[in-house]
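Chain residues, written in single-letter form:
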Amino acid sequence: MSKFAGNEIIHQYLRHNKKFPHVLCAGCGHGIVLGTLIRSIHSLGIPKDDVVVVAGIGCSGRLAVYVDFNTIHTTHGRALSFATGIKMANPRLNVICLMGDGDALSIGGNHLIHAARRNIGVTALVLNNNIYGMTGGQSSPATPEGATTMTNPYGQLDKSFDTVELARGAGANFVARGTVFHVNRLEKIMVQAIERPGFSLVEAITPCHTQFGRKNKYKSPVDMYNWLKKTAITVERYNELPENKREGRLPIGVFVERDRIGFEEQYYAMQRQLLKPAAKGGK
Amino acid sequence: MARKSKGNNSVTIYPDWCKGCGICVEFCPQKVLGLNDQGKATVVREANCIRCGFCELHCPDFAIVVKNKEEPVEVEMENGTPKPKAKAKPKAKGKGA
Amino acid sequence: MPRRKKRKEIFALGNEAVVEGALLAGCSFYGGYPITPSSEIMEIMAARLPKIEGGVFLQLEDEIASMGAIIGASLAGRKAMTATSGPGFSLMQENLGYAIMAEAPLVLVNVMRGGPSTGLPTSPAQADVQQARWGTHGDHPIIVLSASNVQECLDMTITAFNMAEKYRTPVILLLDEVTSHTREKIEIPNAGEYEVFSRTVPSMPPEWYKPYEETVRGVPPMPPVGSGYRFHVTGLTHDRNGFPTQRPEEIVELLERIHRKIDQFFYDIQLVEEIRTEDAEVCVIAYGSVARSAELAVQQARDNGVKAGLLKLKTLFPYPRRHQEKILAKARTIIVPEMNMGQISREVKRVNMGRASVRTINRIDGRIVAPSEILKVIMQG
Ligand SMILES: Cc1ncc(C[n+]2csc(CCOP(=O)(O)OP(=O)(O)O)c2C)c(N)n1
Ligand code: SF4
Ligand code: SF4
Ligand code: SF4
Ligand SMILES: [Mg+2]
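Chains as they are written, first to last, in the numbering used here: chain A, 11 to 293; chain B, 3 to 99; chain C, 980 to 1360.
Nothing false has been slipped in among the hints.
Examples of chain A residues lying across from chain C (beta carbon under 8 Å, computed):
1) Asn27
2) Lys28
3) Asp59
4) Phe79
5) Asn80
6) Thr81
7) Ile82
8) His83
9) Thr84
10) Thr85
11) Gly95
12) Ala99
13) His121
14) Gln281
15) Leu284
16) Leu285
Subject to a maximum C-alpha distance of 20 Å in a straight line, what follows is the list of computed PhoX-like cross-link-like pairs (lysine-lysine):
17) C:Lys1164 / C:Lys984
18) B:Lys85 / A:Lys198
19) B:Lys85 / A:Lys58
20) B:Lys42 / A:Lys29
21) C:Lys1189 / A:Lys28
22) C:Lys1309 / C:Lys1328
23) A:Lys286 / C:Lys1030
24) C:Lys1189 / A:Lys29
25) B:Lys8 / B:Lys71
26) A:Lys28 / A:Lys58
27) C:Lys1189 / A:Lys58
28) C:Lys1305 / C:Lys1328
29) A:Lys239 / B:Lys33
Just so you know, these hints were derived from the structure itself, not from any lab. Just so you know, even glycine gets a beta-carbon here, dropped at the ideal spot from N, CA and C.
My request is simple: use the sequences and hints to build the entire structure.
See below:
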């Protein structure tokens, strides 16, 4: 635990012509995700110029403006489609999407499943705070059953998505979940996600005290971190628990590791084949 | 290893960046930090710091820097990008192929 | 005229000609979703682009993603396009606004079919003219072009790419089902016979580059993402660095600049063809396939001794008002035939300001406007 990139290094990745502290609320987990992302990129030794951060709309999307990479703040839910275009146009780039739970699972749900199915070589970070943070605390598809939100004042009726299962089902190459309390694990996961070819998805559980916590009995940001500390459990240990003990526990870790090559590699391989003199006139 | 460095560390908090969320104060295993009357984090028992890294890694506002007084980290830059520590693998990224 | 190399001639659909034009203009990225009557553009691109070094063809999950992908590709330095029809055009509007705001060059072809909603998938219409102008929300500039025959489909697609690159803006090419599904002989221009314009890239060290800086032309240079110029792109109203802003003076500066960069080059952007307008007392203003019928009607009217003329609009927006002013010097009557309930005639009337009498011919039944219909109105004077 002694060898980590501290904030002095993080500071080198922040935009020096942006105002800090950033606009997010005190204790918002999104900032920790950003720090963790920077550390993963740093530890992989990827030059800033080769990183493209493509963000959606939401508090999570606001992060992009603060980091000194190529940053693109897109439209709500559409980050993955922009990212797909960038990756196909220039496969050399490391393309990383920052999306909120509403962004990725609701308005952008279709793009998410198709990015996974297509296996485009993009890393998708879903910053799941179980709520629409930016717009003031309305329900998202990740809001747990029974929770209180601005648009479900009498309690959420519908079931929430399991992001991991969704991505697995859609065919993602790499699927993992971490929390901003367990940052070292989260960093490891992110490194793996960025390294692995094809589509990778990392769900980062990140507390929004302002819009979710306050309405759901978490008196302070710290309470929410304590909740993460208590509920999260490694997927290995989770799998050993008897069914009846699993209720309310949050498995974290790597869930899916597949070895399909990325769509862009497949595409350009096909192109090389087509351009081979011998293949001319072939199918 | 980390523990050995007890008494050897400096903890700096940038009050302008601290939003007083209290995460660092709550979870510091050595109770090094506290909140002052302006609601900002301050260092109260620096000598106890074991440089475990929790506060630095969890501050959502990058407002804390913990250093070893004897061997401070030099941030080496290469084309505007900080160079990763010695052992980092400059291997070809799967996705960059 | 200098002797020129013989051009290759082919029989092509309007939609095929669009592809030829796009490839000549340097298009190397297509992202789309199938929809009649634009699908041939996509299908031909699917066959052609993978066989061009670096060419990318992508079928996306919907039209929203299609726009997202081509904007991404454009930011990464590609000349990119998509094609669609009515319902798909509606889905593209949000990201179209993004492209305007981020100043991402791209070409969007909309082959108009009958609407609203699913409407008449296989019948022609020109009912998306005002949507092309005002479909995305907020005050915004836009360039909208059209083509009235297959050769123009090719030529105007090249023009669309050139304008997109020159002005860092999305350009919409509006076709109608008739033009896109007509098959006729066209000439493919030889290399060097047509202009190809590519975006200006910055020529200063990265630290000095401001992605949304004021420039004389109002068009800031644009490096491909990943080329060493790291900057922020956003659909939020932004300052010269591309960072979101709420400052009144910066908001105004941005919005005025993106309008000015297009408005001030009206002479380059507003394209028309004037057919016997010099002395025309009765003048037809038409575009798309209807302009073809109009040209025939004007000829027949001339044969009958009526001083008729045609102002064929190749650029619909920014509306070529100066060209209309010119014909207003002579014309008593202006006739505006369209396959809609009166969309370009609104612009015509706005410029006319009561000077000539403006008569409209509107077909909304999925049938073309025949020359005889236009001739009849011309002969009424
Ligand atoms: C098309 C569209 N619809 C709605 C909105 C309004 N909107 C902005 S952010 C947001 C939700 C954000 O929630 P989430 O994606 O979970 O991000 P968070 O703020 O929680 O990080 C919504 C609905 C929008 N910007 N665009
Ligand atoms: S509203 Fe929630 S998600 Fe948004 S900045 Fe505040 S804590 Fe973070
Ligand atoms: S974690 Fe950071 S922002 Fe929160 S109280 Fe500590 S120093 Fe301040
Ligand atoms: S490094 Fe660890 S021990 Fe030192 S102040 Fe931070 S949390 Fe406390
Ligand atoms: Mg959210």
